[in-house]
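Chains A and B, in that order, give the protein sequences. Every letter in the first sequence is one number past the one before it in my numbering, and letter 392, counting from 1, is 1351. Every letter in the second sequence is one number past the one before it in my numbering, and letter 223, counting from 1, is 1182.
Hints listed in this document are in silico derivations from the structure and should not be mistaken for laboratory results. Honestly, I wouldn't trust all of these hints.
Heads up, the list lumps identical chains together, so a pair's fine if it works in one copy or across two of them.
[Unchecked claim] Here are the simulated DSBU-like cross-link-like pairs (lysine-lysine), alpha carbons at most 35 Å apart as the crow flies:
id : residue 1 : residue 2
1  : Lys-1220  : Lys-1401
2  : Lys-1401  : Lys-963
3  : Lys-1265  : Lys-963
4  : Lys-1087  : Lys-1265
5  : Lys-963   : Lys-1220
6  : Lys-1401  : Lys-1265
There are 2 protein chains.
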Amino acid sequence: MDAKLIVDEVRLTPILISDPPLLNVQGVHQPYTPRLVVEVITRGGVSGLGETYGDGVYLDLARPLTETLRGRSVTDVNDLFALAEATDPTTGPTTDPAPGPTTDPAPGPGEASGVDAGGLRGVRTADKLRLSVVSAFETACLDALGKTLGLPVHALLGGKVRDTVEYSAYLFYRWATHPATGPVDDWGAALDPAGIVAQARRFDRAYGFRSFKLKGGVFPPEQEIAAIRALAEAFPGRPLRLDPNGAWSVETSLAVARELKDVLEYLEDPASGTDAMAEIAAGTEVPLATNMCVTTFEEVPEAFAKGAVEIVLCDHHYWGGLGRTRELAALCRTYGVGLSMHSNTHLGISLAAMTQVAATLPELHHACDTHYPWQSEDVVTTRPVFRAGRLTVSDAPGLGVELDRAALAALHRRWLDDDGSLRDRDDAAAMRVADPEWHTPKVPRW
Amino acid sequence: MDAKLIVDEVRLTPILISDPPLLNVQGVHQPYTPRLVVEVITRGGVSGLGETYGDGVYLDLARPLTETLRGRSVTDVNDLFALAEATDPTTGPTTDPAPGPTTDPAPGPGEASGVDAGGLRGVRTADKLRLSVVSAFETACLDALGKTLGLPVHALLGGKVRDTVEYSAYLFYRWATHPATGPVDDWGAALDPAGIVAQARRFDRAYGFRSFKLKGGVFPPEQEIAAIRALAEAFPGRPLRLDPNGAWSVETSLAVARELKDVLEYLEDPASGTDAMAEIAAGTEVPLATNMCVTTFEEVPEAFAKGAVEIVLCDHHYWGGLGRTRELAALCRTYGVGLSMHSNTHLGISLAAMTQVAATLPELHHACDTHYPWQSEDVVTTRPVFRAGRLTVSDAPGLGVELDRAALAALHRRWLDDDGSLRDRDDAAAMRVADPEWHTPKVPRW
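Kindly generate the complete structure, drawing on both the sequences and the hints.
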């Protein structure tokens, strides 16, 4: 194999990035959220970039993998999964393909582990954590390969089938400021229908998004129904989505679906669990989407067999990278299930990766989610510009982004300086700063 | 996009290749069988190779696609499917994603179209034909891309996970010579258990194959059971497969499975149709494999839901190329279904493509089928050498094979000189040369 494609070094840089006080069923986003930047540097001197969750459990898995990668070719992404399993300190070096034990006792029904993506990712398993780590290594390898060859990542994935990728505005109930640390932006509070509509208008003006998604599960369903109704009046005919992160019962979900059936593009994870989703799906014509009941390949067969979801939200951080995201798309195509794209708090490296893979998926017929407009900080030199709600697919080599090393160093410094209280994202703990009595609600909450 | 990756020209060369008188349920292989060699030549002067079925229906689909490809990048393989559909002369230029009409009235149950792969490919649809054509174009694009970049095709597919690929000996009942044209090789006849064992011994000696597959559906099941028993005695502990191409009833299939359950690695397509296969699967512990009831993505959900197959035989000519073969592998992995590899009569270009993609599939746990040892002619300059039943995965750029232009010209001359009687493979017609009363048997035959 070409020597210039051999991995010479892998750098991991955990960072803390500023995040606004966005509300969800778990609590509220922390003032700073952990991310991990992965750099794969080749003997040819090219640096490939990847980005994933930065909590300690991910770091623990990523560290031993860096050594394993050294001396291998950046073209070898198929075996990253087996490598990650073999180097997983929670399972030990093994070639046994059986899934290792979970790193934590699995949370019981209605409980959340409180760590993964603020507790919004379902039961935490060693497998899910590994896939998120692999995703950043895979993306970094593809970026390095593309930069070396002079090809965009989409060309390494079989080529783009569209020149722009549509994104959706991600509306949140939110406070104006974090309770302890003060304001991080000028968006102000949004705690009622008028506030949500005002937020949507600003997204519309600034980015041109046509689709709107409201993160629900924060207020009683009547209030969230009213917010969606207000959006439908303010933006007639626009695709609208509501996502309460599994906070509702089957009955509540069906009632909300009845109320909003004329305006919803889809209802995302109204209730928790495949059986509840299947029951709701059977009782409404509103399409159900998920990034909670189907987040791994293992969860696909049961959910598809039960007709629990009509649209799966792909997310390369969840599914193990860009190649696996394409495999999920093939599964959805085969089973006649729709495809959209999910997002957690992320920076420009992940946005570039999302855009590159989305460009290659003929199966993608919904605008992708992104938290990106909420992020005031980044580690890439140039912020991407949304026009008419879309990003142009870069044809530059690799992901088409460049690392801002000064910004990376500053955000890493923040991580180093943290006393450990923010290094693991915990939206319930963040909420307890304002409300000491807060605990993650049992679901169904309503 | 890099100008040297742009397609400058696409050449289609239909050829007729010598084929021995191998017997199957349809009849017998013709003395010459049609194949199509696709060359994609870039502005950089690189020629990428692909190979697929060469019957007229495939040529009719391939010809308009050559013009469409000109001026596009060889990296753009994702949209070949849409392009092929848009240029399909049987559907006309259209952007409608709905499947076009079949090119032929669909054969009724128990009938065979008599053209595709000698009638062994189930109901012929426009979709299946297009996927076979696209597979050759995709392979040729990947070969050209790899040659341009200095990377093997496996590296373009995420990297090999093994250094050698195991193949299986493909045993056939056969005559010594074609009735009208005389002998093409020195293998002699094999028409009983002793003949099959002798054939297996020669495969074992010459190639080191460890697995043996017998093409059945030729003689009454008792005789084929006896042949497998004889193989099991001659080669104790070796993986054995029997494939009657759907010739048996459910009852017969279950009876054969009972007789051979202690020696079969798997039973391939004992009966025709998903329901029959599901009924057999429920009644035996012998794993059922298929390359007939699941040959397209559309056929997957029903077959998997019914538990009709435990092992799917992938085939990049069937499934639309190397990328789609990897998608099939992901589907099988997700649903806990095993993966093996199918072959029809093919040359060294396809063997190289099969080996490259097989090398990238962690899910592949069975030796691949190949007809290649039966082929005395080829269009590549160097015949690959099987050692211990395995081919070494080439790390040379592209597929790692070179076109023998003199050989290609000679085989094309044979195609030009043919009066049209052999340009569409028809194993039943070939059988009628020996037995004018022969007609393709209705299945179940036994």
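Outcome of the hint check:
1. Lys-1220 - Lys-1401: within (27 Å within a copy, 52 Å between copies)
2. Lys-1401 - Lys-963: neither (53 Å within a copy, 59 Å between copies)
3. Lys-1265 - Lys-963: neither (49 Å within a copy, 49 Å between copies)
4. Lys-1087 - Lys-1265: both (22 Å within a copy, 29 Å between copies)
5. Lys-963 - Lys-1220: neither (55 Å within a copy, 52 Å between copies)
6. Lys-1401 - Lys-1265: within (25 Å within a copy, 38 Å between copies)
Consistency with the previously given hints fails for numbers 2, 3 and 5, ordered from lowest to highest.
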